[in-house]
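Sequences are here, hints too, so could you generate the full structure?
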Amino acid sequence: MTTEAPALGLTHGRSEDTGLGNRGPESKSIVVPYGFWLFVLSDIVLFSALFATYATLSHATDGGPTSNELFDRTLVAVETVALLLSSFVCGLAIIAAKRRNLLWTQIWLFVTGALGFVFLCIELYEFTHMIGEGAGPQRSAFLSAFFTLVGCHGAHVTAGLLWIGTMMAQLWSKRFDPPHMMRRLMCLSIFWHALDIIWVAIFTLVYLIGTL
Amino acid sequence: MSDRENELLDVAPGEPHDSLLSESLSYIVGLGLALLLTAVSFWVASTESLWSPGVAVGLVVLAIAQMGVHLVFFLHITTGPDNTNNVLALAFGVLIVFLVMIGTIWIMYHLAANMGPTPEMTNLQMQRG
Chain A
1 MTTEAPALGL THGRSEDTGL GNRGPESKSI VVPYGFWLFV LSDIVLFSAL FATYATLSHA
61 TDGGPTSNEL FDRTLVAVET VALLLSSFVC GLAIIAAKRR NLLWTQIWLF VTGALGFVFL
121 CIELYEFTHM IGEGAGPQRS AFLSAFFTLV GCHGAHVTAG LLWIGTMMAQ LWSKRFDPPH
181 MMRRLMCLSI FWHALDIIWV AIFTLVYLIG TL
Chain B
1 MSDRENELLD VAPGEPHDSL LSESLSYIVG LGLALLLTAV SFWVASTESL WSPGVAVGLV
61 VLAIAQMGVH LVFFLHITTG PDNTNNVLAL AFGVLIVFLV MIGTIWIMYH LAANMGPTPE
121 MTNLQMQRG
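Chains A and B, in that order, give the protein sequences.
In terms of this note's numbering, the first sequence has 174 at position 174, counting the first letter as 1, and numbering is strictly consecutive.
In terms of this note's numbering, the second sequence has 41 at position 41, counting the first letter as 1, and numbering is strictly consecutive.
A couple of the hints might just be wrong.
[Unchecked claim] Have a look at the derived ranges for each label pair, beta carbon to beta carbon:
| id | chain 1 | residue 1 | chain 2 | residue 2 | range |
| --- | --- | --- | --- | --- | --- |
| 1 | A | S27 | B | Y109 | 45 to 55 Å |
| 2 | A | L212 | B | P81 | 42 to 52 Å |
| 3 | B | V72 | A | N101 | 17 to 27 Å |
| 4 | A | W104 | B | I96 | 33 to 43 Å |
[Stated by the list, open to error] Which residues of chain A face chain B? A partial, calculated answer using Cβ under 8 Å:
| id | residue |
| --- | --- |
| 5 | A77 |
| 6 | W163 |
| 7 | D196 |
Just so you know, these hints were derived from the structure itself, not from any lab.
Yeah, the Cβ is synthetic: ideal placement off N, Cα and C, and Gly gets one too.
The following block contains the structure:
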């Protein structure tokens, strides 16, 4: 059957895929990250609703502090670079993992998590600072939308940090022997890169356009 | 790469291929482009030398470009035949995101514009009359 199939849309060197499903389901190493990719995309759709809410309410300050008075671009620049480097290092961890290099995978994962932690600390500092100034989420519709949007991203980063920690512990005990370890690492990297994509939208729409 | 690795690792989103050098190079090029676009965004936002009504649009364009860089160099979404499913899912996601965002902003802007005078405005009119 395989030998008769036309050489259309060669996918993986070892099999022909015409895109018509003539060779049965894909291997789990494709299907699982693909399903996770679908989850990440639906998560981005969720964020689009929060972005739309923020865009609608960004001028509804109820006489309270405006985005121009609240946001500090220097802090945001540091946050942005930390998360971008974290995303980059996460890619290095995957490269090391593909070569079954446990030490470097663990080192790069640790650096990824550490940079993510730096990002989270700066964000929490910003939040506590704003709440201390009386610009908490209950102050105005603008601030409610801001804390929901940016806080939701921060919650995702927190979940990602927990995931990185769990992943490192699993790698420590199981190494790369079970095939699902690589799948889990792939899903983690998709999640972490997606968080950085959402942050690009946040720093542009909320922080830069908000302080023009 | 050995056959075993090839078998374990087909193409999924976020997955790099090829040799150590070309894989690393993809991430390094991506990092460089993303840093450049970020720097340009921050510069565009702070400089006085640009036509100010166009700045917001320019920032949005830069952000979309940077998201593209992340998708191509970090998530390895390509136009290759092994990536068709990933691209189609992405295209559908982008469609929904644009519908939700542009639809909301469009409708809410017109709603606010057609809302009529606010209580403060009414008071002002009454004072004048």
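*Determine which of the earlier numbered hints do not hold for this structure and return their numbers in increasing order.*
Of the numbered hints, just 6 does not hold.
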